Amino acid sequence: MTVTITVNGADHSLDIDPATPLLYVLRDDLELNGAKYGCGLGQCGACTVHIDGKPAFSCLTPIGAVAGRRIRTVEGLGSAEAPGLLQQAFEKEQAAQCGYCIAGMLMRAQALLDRNPDPDEVQIRAHMQTNLCRCGTHMRILRAIRRAVAMRKGVHSAQEVRP
Numbered sequence: 001m002t003v004t005i006t007v008n009g010a011d012h013s014l015d016i017d018p019a020t021p022l023l024y025v026l027r028d029d030l031e032l033n034g035a036k037y038g039c040g041l042g043q044c045g046a047c048t049v050h051i052d053g054k055p056a057f058s059c060l061t062p063i064g065a066v067a068g069r070r071i072r073t074v075e076g077l078g079s080a081e082a083p084g085l086l087q088q089a090f091e092k093e094q095a096a097q098c099g100y101c102i103a104g105m106l107m108r109a110q111a112l113l114d115r116n117p118d119p120d121e122v123q124i125r126a127h128m129q130t131n132l133c134r135c136g137t138h139m140r141i142l143r144a145i146r147r148a149v150a151m152r153k154g155v156h157s158a159q160e161v162r163p
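Quick note on numbering: the sequence shown equals residues 1 to 163 in the UniProt record's numbering.
Simulated from the structure, these hints should not be mistaken for laboratory data. Please note: incorrect hints may appear among the correct ones.
[To be verified] Straight-line Cα separation of at most 30 Å, DSBU-like style, residue types lysine-lysine; simulated pairs:
#1 K54 / K153
#2 K54 / K92
#3 K92 / K153
[What the hints assert, rightly or not] Each pair of labels, with its calculated beta carbon distance range:
#4 P62 / Q88: 32 to 40 Å
#5 A67 / M151: 33 to 41 Å
#6 D120 / E81: 27 to 35 Å
#7 L85 / T130: 33 to 41 Å
#8 L60 / G154: 32 to 40 Å
#9 P83 / G53: 31 to 39 Å
#10 M139 / M1: 39 to 47 Å
#11 N116 / G154: 12 to 20 Å
#12 S13 / G40: 20 to 28 Å
#13 Q88 / E121: 17 to 25 Å
#14 A126 / R69: 33 to 41 Å
#15 Q94 / R69: 19 to 27 Å
#16 T2 / P83: 33 to 41 Å
None of the values given here were measured: they were computed from a predicted structure. We treat Cβ as the ideally placed atom computed from N, Cα and C, and that holds for glycine.
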């Protein structure tokens, strides 16, 4: 079956089984390797992408369910040469240790900031709780999200970002 999807603004028509997980299509067919296979059960968040602006576990989402919908991956947030605001904040706070969870963390955080540009600490923690980091950089990740909020407001001092 031919399935057409839009990923990071580009249309792709694929002859594929509609039950194939979106994660496999992104990584194997489109060579977008940001989203990671973690648990395969939607419990870790390493595979998080946006579907129509909302965070979703791509390991659980069949490709047939996203035909005609907008998909955004971490590659759609920015590049090494031109990182997005949130990516810059994660770098400044050194939020990645091994880096495995970071794409999912970025995508979940971006969904929050797209919906609520000025979340408070409780909202940030509640929104991010579905994504796991085995390295234990959760506090840096939370600081990076607060930094991104502050950067949007024009505050650039790390001291002004800390709770």
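So, going through the hints one by one against the coordinates:
Among the hinted pairs, K54 with K153 is consistent with the structure: their alpha-carbon atoms are about 24 Å apart, no more than 30 Å. A distance of roughly 26 Å separates the Cα atoms of K54 and K92; the hinted pair therefore holds under the 30 Å criterion. With a CA separation close to 16 Å, the supplied pair K92 and K153 stays within the 30 Å bound. Our hint of 32 to 40 Å for P62 and Q88 holds, since their Cβ atoms are close to 34 Å apart.
Taken as a hint, the range 33 to 41 Å holds for the pair A67 and M151, whose Cβ atoms sit roughly 36 Å apart. Separated by about 33 Å at the C-beta atoms, D120 and E81 satisfy the suggested range of 27 to 35 Å. The hinted range of 33 to 41 Å is not satisfied by L85 and T130, whose Cβ atoms lie roughly 22 Å apart. Against the hinted window of 32 to 40 Å, the Cβ-Cβ separation of L60 and G154 comes to about 39 Å, which satisfies the hint.
Checked against the given bound of 31 to 39 Å, the beta carbons of P83 and G53, roughly 20 Å apart, lie outside it. Separated by about 45 Å at the C-beta atoms, M139 and M1 satisfy the suggested range of 39 to 47 Å. For the pair N116 and G154, the beta carbons lie near 18 Å from each other, so the given range of 12 to 20 Å is met. Remark: the range hint 20 to 28 Å for S13 to G40 is upheld by a beta-carbon distance near 26 Å.
A C-beta distance of roughly 21 Å is found between Q88 and E121, which places it inside the suggested range of 17 to 25 Å. Range check, A126 to R69: about 25 Å between beta-carbon atoms, so the 33 to 41 Å window is missed. At about 34 Å, the CB distance of Q94 to R69 disagrees with the hint of 19 to 27 Å. In this structure the supplied range 33 to 41 Å holds for T2 paired with P83, their Cβ-Cβ distance being about 35 Å.
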